[in-house]
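Enquirer: Sequence:
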Amino acid sequence: DLILMDIMLQGSIDGIQAAEEITKHLNLPIVFLTAHTDKNTLQRAKDIYPFGYIVKPFQEKDLYTTLEIALARCKAETEIRKALEKERELSDLKSRFVSMVSHEFRTPMSTILFSSDLLKMYQEQWTIEKKTTHINRIQTSIKRMIEMLDNVLLIGQVESQNMRIENIQLDLKTFCQELIEDIQVADRYQHSILLDLQGTRNFVEVDPKILRYILENLLSNAVKYSPENSEVYFGVCCQDCQISLKVKDAGIGIPLSDRQRLFESFYRATNVGTITGTGLGLAIVKRSVELYGGRIEVQSELGEGTTFTVVLPLS
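The letter at position 249 of the sequence shown is residue 249 when you use the working numbering, and the numbering goes up by one with no holes.
Don't read these hints as lab results, they were simulated from the structure.
Just so it is clear, the structure is predicted and the values come from calculations on it, not from any experiment.
It is possible that part of the hints are untrue.
[What the hints assert, rightly or not] The calculated DSS-like cross-link candidates involving lysine-lysine, where the alpha carbons are at most 30 Å apart (straight line), are:
| id | residue 1 | residue 2 |
| --- | --- | --- |
| 1 | LYS120 | LYS131 |
| 2 | LYS209 | LYS286 |
| 3 | LYS82 | LYS24 |
| 4 | LYS173 | LYS209 |
| 5 | LYS131 | LYS143 |
Build out the structure end to end from the sequences listed, making use of the hints.
Expert: Below is the structure:
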């Protein structure tokens with residue numbers, strides 16, 4: 001698209017003033033068509049950076065050439081802006097990744113170093129139980145680091161569109177029960193998870209890997225940001241053409257100012273305090289839902305909790 005405009009217009013403003021108003025709202029190339037060649041008019045026109053200035057009278061080929069060059073220049077500038085925006089996004093992503101790694105890896109690495117030093121110093125004096133305690137701490141820290149690295153690799157795989165959907169016949173009830181058990185073991189049974197299965201289908205054609213990415217992250221977040229001994233609601237409603245998933249907690253809630261960036265990689269809400277996390281869980285959820293052609297919604301109240309609802313189409 002392009003705007004070809006005479007400087008002399010009917011009404012209270014001229015073409016240059018009209019162009020100034022247009023450029024405030026639309027990013028379109030403007031070419032002036034005019035008989036004015038005085039320095040004042042030319043300078044006013046230059047101040048709004050037009051893509052062309054054609055002086056009357058003109059040849060048709062001159063008009064055609066000017067318009068073609070203006071459109072080509074506009075296209076080139078648009079591509080440059082997109083490239084610069086992409087570069088800024090990548091730079092921001094890199095900064096957040098470095099910040100996450102330096103912050104989230106520091107604690108488990110410190111634990112590993114501290115426990116291994118103690119084991120080395122007191123290997124003769126300590127009992128088997130004491131040694132086992134520190135070995136378990138080392139293993140837990142290593143598992144945490146592996147999980148963080150897996151999430152980084154996973155978000156890269158999803159965003160590069162290298163992940164494929166591989167549907168299989170799945171027993172939904174068994175799948176959900178096993179997932180809950182895994183979450184509660186990791187949580188040391190500090191929260192109860194209420195499974196509410198509804199709908200007309202018990203067996204569905206889904207990709208269990210992607211479904212697990214979605215639910216594991218939502219449920220893990222629900223228990224992580226909720227008070228101990230509180231209940232997490234896990235609703236599953238399976239109909240003929242879609243499956244609805246709902247995870248509701250009684251946690252800290254998400255500030256309104258954070259919700260727009262909630263699904264960005266490495267972004268964490270401003271009220272998480274000392275609760276550890278990479279800022280990748282919800283990004284993985286969002287990309288996985290989009291890969292499946294579904295949708296995700298979030299409702300939250302500070303201090304009362306958050307509800308995530310995911311709807312996925314079924315074949």
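Enquirer: A separate judgement is required for each hint: does it hold in the structure or not?
Expert: Status of each hint after checking the structure:
1. Of the supplied pair hints, the one linking LYS120 and LYS131 holds, its CA atoms being roughly 10 Å apart against a limit of 30 Å.
2. Straight-line distance between C-alpha atoms of LYS209 and LYS286 comes to about 15 Å, which keeps the hinted pair within the 30 Å bound.
3. Distance hint between LYS82 and LYS24 is fulfilled; the C-alpha atoms sit about 19 Å from each other, no more than 30 Å.
4. Of the pairs offered as hints, the one joining LYS173 and LYS209 holds, with about 16 Å between alpha carbons and a cut-off of 30 Å not exceeded.
5. Between LYS131 and LYS143 the alpha-carbon distance is near 18 Å, which keeps this suggested pair within the 30 Å criterion.
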